[in-house]
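Participant: From first to last, the protein sequence lines stand for chains Z and A. So the first sequence is numbered by my numbering: it starts at 1 and just counts up by one. So the second sequence is numbered by my numbering: it starts at 1001 and just counts up by one.
If you are wondering where the hints come from, they were derived from the structure by calculation, not from laboratory data. We treat Cβ as the ideally placed atom computed from N, Cα and C, and that holds for glycine. Some hints here could point you the wrong way.
DSS-like, lysine-lysine: derived pairs with alpha carbons at most 27 Å apart [unchecked claim]:
#, chain 1, residue 1, chain 2, residue 2
1, A, K1013, Z, K160
2, Z, K174, A, K1003
3, Z, K134, A, K1003
4, Z, K190, Z, K160
5, Z, K205, Z, K80
6, A, K1017, Z, K132
7, A, K1232, A, K1204
8, Z, K36, A, K1269
9, Z, K292, Z, K248
Some chain Z residues judged to face chain A by a derived CB distance under 8 Å, without partners named [stated by the list, open to error]:
#, residue
10, T69
11, R90
12, K91
13, V99
14, N118
15, I119
16, Y124
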Amino acid sequence: MIEVSGLSKEFKIYKKYEGFKGAVKSLFSSEYSVKKAVDDMNFHIDEGESVGYIGVNGAGKSTTIKMMTGILTPSHGYCKVNGLVPYENRKVNAKNIGVVFGQRTQLWWDLPVSESMNILRDIYDIPHAQFKSKLGYLKELLGLGEFYLTPVRNLSLGQKMRADFAASLLHEPKVLFLDEPTIGLDLLVKDNIRSAIRHVNETMKTTVILTTHDLADIEEICSKIIVIDDGKKVYEGSVADLKKQYNKYKLVKFELKPGQTVSNNSLFNASSDDIQTIVENDYITVQFLRDKFEIADIVSTVLSKFQIRDITIEEQGMEDIVKAIYQRK
Amino acid sequence: MLKFFRMYSAFIKQQIKTLIEYKVDFLLGFIALGVSQISTFLIILAVFTQIKSIATYSFDEVLLFFGYSQIIRGIDHIYNDNIWVTAWNKVRDGSFSNYLIRPINVITHIIMERFQFDGFGEVVIGLIIFFYAKAKVGLVLGFSGSVTLVFFILCGLAIYFAIKLATCAVSFWTVSSGEFMSVIYEVNTFTKFPLDIYKNFFLKNLLIYLLPFAIVSYFPIAYFLRDSSFLKSVLGFDYHYKEFMIVFIGVVSALFLSFSFMIWNIGVKRYNATGS
Chain Z
1 MIEVSGLSKE FKIYKKYEGF KGAVKSLFSS EYSVKKAVDD MNFHIDEGES
51 VGYIGVNGAG KSTTIKMMTG ILTPSHGYCK VNGLVPYENR KVNAKNIGVV
101 FGQRTQLWWD LPVSESMNIL RDIYDIPHAQ FKSKLGYLKE LLGLGEFYLT
151 PVRNLSLGQK MRADFAASLL HEPKVLFLDE PTIGLDLLVK DNIRSAIRHV
201 NETMKTTVIL TTHDLADIEE ICSKIIVIDD GKKVYEGSVA DLKKQYNKYK
251 LVKFELKPGQ TVSNNSLFNA SSDDIQTIVE NDYITVQFLR DKFEIADIVS
301 TVLSKFQIRD ITIEEQGMED IVKAIYQRK
Chain A
1001 MLKFFRMYSA FIKQQIKTLI EYKVDFLLGF IALGVSQIST FLIILAVFTQ
1051 IKSIATYSFD EVLLFFGYSQ IIRGIDHIYN DNIWVTAWNK VRDGSFSNYL
1101 IRPINVITHI IMERFQFDGF GEVVIGLIIF FYAKAKVGLV LGFSGSVTLV
1151 FFILCGLAIY FAIKLATCAV SFWTVSSGEF MSVIYEVNTF TKFPLDIYKN
1201 FFLKNLLIYL LPFAIVSYFP IAYFLRDSSF LKSVLGFDYH YKEFMIVFIG
1251 VVSALFLSFS FMIWNIGVKR YNATGS
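Construct the entire structure; sequences and hints are all you get.
Facilitator: This is how it looks when you write it as structure tokens:
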């Protein structure tokens, strides 16, 4: 469905100097450096997949999305969406894709949501019957009814986002690009948007590509993840694989009743890579490889030797996993 | 085409609603435009109380130029106002990208998004002055004359369109070109009066060939008022048939239109390359 090959985007950045004098100086200077926003990117996305495209700020996520939606032309390489080169067949490609920018609404500021939808119907040449049923479905899915006749400028961020999302689906796009669709939203709206994305992906086989900084989005929506850093791909794989690969350790934290002395490292007899015990004041923390030890054994061993007030068990979360990828470079 | 008007009418309807909502704002804008129109009119009036004619044109004839130029300026103002917003902001804040993800022509999209009612003030005043002056001058157009006039109006609109589009396209390089656009646009003020009064060689040729506002209103009205000898006095070459003027106006308009589309397309390509 989407094919990205050797895709690169370079920007010229003219050298700037500080202060007013510097501004005058940079006016006459033509020194520039080349910044590679996206650098030799390769990936392949199948129909019906939902892919999380993540990376730190400035990693090149939006630039890639812009090339795939036909807004930017790449410097090298190419990408194909549904067999079309987006920046060469802008208008045809636009009919096949839906785009949502979380940072910026694409609805018309002064028009009510209803009018925006009608105009989109004409822009995309949507047949009346399809429009009617689709709109009814989206209104229900996203709860647009309560603000359907309100001008966009009077909507809250959450309402705007829901309307934007509905607007991007009216023409039944084969591919949906979502650039930070949950940014700044409250928990309920986030939940609503996420389940809507999942629903669309599952029932209509719409391919979804999503950038986000909220990893819960990825966990709840995506089957596949691509991590980029500095314009380069640093990880690609299924979300389940990623969890397995990084989620090797478990952490058990014991809070002791006061007045007990602990002799360090005498608790478990194993190589220190497999299990580690850290003693701190009234706490014992045990970190262990989950496939080598049973949590019950660990707990009973500690319980048999000490009087315990509280136990907490922690798993490495998605966040730690991704942080590890980001920092691994 | 039908589709375009359906979309356009949705925006127009909405603008009417907004108009009703912000009555005072609209009224003030309308009055302000009216005052500026009338003051120009009064200047002409004041000048003609002192002298009987300017460069062989009588008072009523000058009014004809004035009225006609207002009509075209007003029509352009009504339908082609969003291009100002585009020049000022769309590249700067990146919202130009929104146009690129829609399956329709970008220029069509820009035009239909805004319908400017203020322009009706110019058109109405222009029409009143035009028909008053036309009656006083005793100009009778007939059928072929009316067809020619419609052609001239279309050419005039094309020139306005071309100049605004080309100057708007500059924003693809400079991020914002609203200032530049308004400087260029204001040159049209010169064409409220017959071109013959400008004795300056550069100004005259600027208005014919570089920023052809003279094609918008001067040549069309002069075509109806004068015989072929006026061509010689302004253009510097002599043609026996004054119908040559129709060809000249048509060709210059077409050239400018295609030239501005070219600049626009290069600009959009550049936007594709840089993103801002």
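Participant: Hints first: check each against the structure and report whether it holds.
Facilitator: Hint-by-hint comparison with the structure:
Restraint check: the Cα-Cα separation between K1013/A and K160/Z comes to about 22 Å, which is no more than 27 Å; the hinted pair holds. With a C-alpha separation of about 24 Å, the suggested pair K174/Z and K1003/A falls inside the 27 Å cut-off, and the hint holds. With a C-alpha separation of about 20 Å, the suggested pair K134/Z and K1003/A falls inside the 27 Å cut-off, and the hint holds. Annotation: proposed proximity of K190/Z to K160/Z holds, straight-line Cα distance about 13 Å (limit 27 Å).
With a CA separation close to 18 Å, the supplied pair K205/Z and K80/Z stays within the 27 Å bound. With a C-alpha separation of about 25 Å, the suggested pair K1017/A and K132/Z falls inside the 27 Å cut-off, and the hint holds. As the CA atoms of K1232/A and K1204/A are separated by approximately 14 Å, the hinted pair is consistent with the 27 Å bound. Restraint check for K36/Z and K1269/A: the C-alpha separation of about 19 Å stays at or below 27 Å, so the hint holds.
A hinted pair counts as satisfied when its Cα atoms are at most 27 Å apart, and K292/Z with K248/Z qualifies at roughly 10 Å. Because the beta carbon of T69/Z sits about 5 Å from the nearest beta carbon in chain A, less than 8 Å, this interface hint is met. Because the beta carbon of R90/Z sits about 6 Å from the nearest beta carbon in chain A, less than 8 Å, this interface hint is met. The beta carbon of K91/Z is positioned within 8 Å of a beta carbon in chain A (closest approach about 5 Å), and the interface hint is therefore held.
Hint status for V99/Z relative to chain A: holds, with the closest Cβ pair at about 5 Å, below 8 Å. Because the beta carbon of N118/Z sits about 6 Å from the nearest beta carbon in chain A, less than 8 Å, this interface hint is met. The criterion of a C-beta within 8 Å of any C-beta in chain A is met by I119/Z, whose closest approach is roughly 5 Å, and the hint holds. Contact between Y124/Z and chain A, as hinted, is supported at the beta carbon level, the nearest pair being about 6 Å apart and thus within 8 Å.
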